[in-house]
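Participant: Build the full structure now, drawing on both the sequences and the hints.
Just so you know, the sequences run in chain order Y and W. So the number in our numbering is just where the residue sits in the first sequence, counting from 1, plus 73. So the number in our numbering is just where the residue sits in the second sequence, counting from 1, plus 2.
Think of the hints as simulated: they come from the structure by calculation, not from any bench. It cannot be assumed that every hint is accurate.
As the list claims (entries may be wrong) - Derived Cβ-Cβ restraints for the label pairs, each shown as a range: (1) Y:Leu99 with W:Pro243: 51 to 61 Å; (2) W:Ala62 with Y:Arg204: 55 to 65 Å; (3) W:Lys246 with Y:Arg223: 26 to 36 Å; (4) W:Leu297 with Y:Gln151: 43 to 53 Å.
To be verified - A few chain Y residues that face chain W, going by a derived Cβ cut-off under 10 Å, partial list only: (5) Leu202; (6) Arg204; (7) Arg205; (8) Gly221; (9) Pro222; (10) Ala225; (11) Arg229.
Quick reminder that beta carbons are idealized off the backbone N, C-alpha and C, glycines included.
As a plain string of letters, each chain reads:
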Amino acid sequence: MADAILVPQVGQDLTEAKIVALNVKLGDTVAKGDIVAEVESEKATFEVEAFVAGIVISLPYGVGDLAPVLEPLMHLGQAGETVGAAAAAPAPAPAATPAPASVETATAVSPPPIAAPAVVTGSGRSSPLARRIAAQNGLHLNQIAGTGPRGAVVMRDVAAALQTQPAATTAPFALRSNTTLKSLQAGTGTPVVFLHGFGAELAAWLPLVARIAVQNPMIGADLAGHGAAATRTVTGFDALVDDMAQRLAEAGITSTHLVGHSLGAAVAVALADRGDLDIRSLTLIAPAGLGPWINGDYITGFVGAKTEAALRVWMQNLVHAPDRLGDAMVRAAFAARAGSAMPGALDSLARSLFEGNTQMFSVQAALARLNCTCRMIWGMQDAIFKPTDANALPGLVALHRLPGVGHLPQVEAAGLVGRLICETVRSAS
Amino acid sequence: MARELMYREALREAIDEEMARDPLVFIIGEGIAERGGSYKVTEGLLAKYGPKRVRDTPIAEAGMIGVGVGAAIAGARPIVEILYVDFTMLGMDMIVNQAAKFRLMTGGEGRVPFVLRTQGGAGGGVAAQHSQSLEALFYHIPGLKVVMPSTPADAKGLLKHALRQMDPVIFIEHKHLYMTKGMVPDGEHVVEFGVADIKRAGKDVTIIAWSNMVPRALEAAEELAAQGIDCEVLDPRSLVPLDKAAILASVAKTKRVVIVQEAVRRGGVASDIASIIQEEAFYDLDAPIQIVAGLNIPIPFNLALEKASVPQKEDVLAAVHRCLHLETVG
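Facilitator: Here's what the structure looks like:
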């Protein structure tokens, strides 16, 4: 199958990137990790890395062209393969070390008509009958948890999926146009909205989205003061939540699954607690607002970093093993600040949310009132919050503690987190 | 209406009725006339039809089978009873190279309405040379029909049909079945070849079994029913011709198949049926086809070892569980 190499999102507001170098031509053989192109925003030049090996089978742009971001820059496949075949095939897994702050290595976000999920989450085994019935009903086997021998999907699994997936026949979800929310992957059924953490932006979710095999539309939202919403300055946690509620309403989202990381996870809990949205499920990754302590030095250092090198030092706190922090993550995070309103907005937001080592807001009470499917994922080596904050959770909340993982489980254990989100969304559909 | 008969009585009725109906039918074999047969199938026939049509032979299977095949070619309807299927090996040239080929090699002018009645299977510690299930040898040879009844009614109806059709038939009874009882319809009862019988209807798993494995499969099915598993037991009755349509229809319904044969696993009829199913019903299958068969060994004399070498009810239960993926449930 062919793999699409996407034009990276080079800035929050930019819809196009300029191609300044193409290191390959049609028919070239590319190795995984090769730099295949360079694209430019107003602020920086980004190298585009091949996340798989293959032969260049489509290359629609030339040097100097403007290419829309998050659309295919080229396709890699096998000799003789065409891109049409690529569209019909499931997209591949993203690179081993995904880059959350840019999308240099993300996979296709515009799915084929039958929304093919991006990644095989199961064992890949199935019975012939299960395959036939699933195909007849437009289900993808890799969206179905197998209970047969060694994880094989058998008929009872397909039957169960058919009962719980009426979404397969509903119309594709369409975002209203006047919104700063962005579709991460099209689909049908109840949307899944992703809320990033402090200092990040919606594009950070793209590598993870490629690992989530659901048919639901997946949508990214920038918190106020971040990314495309950098100019919307708010003060205090409640205002942050109100702003997001307003954005969701503007986008026409009334019923949703929420996936949040850190500050975004706390916002997700607060949104669920408001009661004006039909929240189907919550997946909370390293959520803020559970305990009082936060690594205040990190916040100060991260917000105040004036150089990429300084930013890198502070961002090392996010991951348990230093090599998990990709260069691209740091570079993109730094590039996002240059000339943008984001540093000022972050500074002011940080002052209203944190005081030294103290989180000035809590979602503990809201969490206790929660009445929907909720899964929480913590890295046991989180250096930003205390992982022990999760010791006293309401019984409804499922907790996954990941050893050897820091504050970015969605990067450090992307496969597992993708699977857990997938299971949460499916179980609550 | 129907009467309860033993398997051996039903066979006797079939021979008796066909001998009365058709003067060309005769029967020869070891101890079948004066003694009435080792399993008492031919008891009373000598008195009724006389020594020309009910005849004892020397212990000379090759000669008996040769006589039968020759008589059939000449236009008679012989039944040759061979005491154990193991002993048919002595007459394999007559069966395989003569009887099975004659129709083709004469351009269809010559026919061989030859019926070889014999019995096989393990049971009672009669050891390696008297316990084999050799249907696969005959199944393999084009030109032969292979019939293996499991009930008195089928035994009667199939034997009557064998004596009315024009090709060589290997009619294999089972030593354990002669004393079993079952209802046999009154009056004319003929069962055509190539028509499978659903011995028990069910929706969860198809168990295909023949001969003595049918009662064993039914026993397993009853136990599984108590576990909420609804098995269909399909008896092909004739292996050649095989009722493929009935098998495929059952698989289309249940999606899962267990094939039970007493014969050794290697090169068996079960493997061939499995290959037909996977080829023609692959997309109906929700689990690998399970074959429960005898071990690839000569049947031991020791009774415990004999039992261990052929399929038992527990083996069938386990195979059904496997194809329902039950071993993977907590």
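Participant: Against chain W, with CB atoms and a cut of 10 Å, does the hint on Arg229 of chain Y hold up?
Facilitator: Check passed: Cβ of Arg229 of chain Y comes within 8 Å of chain W, closer than 10 Å.
Participant: Taking the beta carbons of Leu99 of chain Y and Pro243 of chain W, is their distance inside 51 to 61 Å?
Facilitator: About 59 Å separates the Cβ atoms of Leu99 of chain Y and Pro243 of chain W, which means 51 to 61 Å holds.
Participant: Against chain W, with CB atoms and a cut of 10 Å, does the hint on Ala225 of chain Y hold up?
Facilitator: Holds. Min distance 8 Å.
Participant: Using the Cβ atoms, figure out if Ala62 of chain W sits within 55 to 65 Å of Arg204 of chain Y.
Facilitator: 58 Å, holds
Participant: Does Gly221 of chain Y pass the interface hint, meaning its C-beta sits closer than 10 Å to a C-beta of chain W?
Facilitator: Holds. Min distance 5 Å.
Participant: Holds or violated: the hint that Arg205 of chain Y contacts chain W, with Cβ atoms closer than 10 Å.
Facilitator: 4 Å, holds
Participant: If you check the beta carbons of Lys246 of chain W and Arg223 of chain Y, does the distance land in 26 to 36 Å?
Facilitator: Check passed, 32 Å falls within 26 to 36 Å.
Participant: Per the hint of 43 to 53 Å, is the separation of the Cβ atoms of Leu297 of chain W and Gln151 of chain Y within bounds?
Facilitator: At 47 Å between Cβs, range holds.
Participant: Against chain W, run the beta carbon of Pro222 of chain Y and see if the smallest gap drops under 10 Å.
Facilitator: Cβ of Pro222 of chain Y sits 6 Å from chain W, so the hint holds.
Participant: Can Arg204 of chain Y be said to touch chain W, with a Cβ gap under 10 Å?
Facilitator: 7 Å, holds
Participant: Verify the interface restraint on Leu202 of chain Y: the C-beta must sit less than 10 Å from at least one C-beta of chain W.
Facilitator: Status holds, d = 4 Å.
The structure fails none of the hints (numbered hints given earlier).
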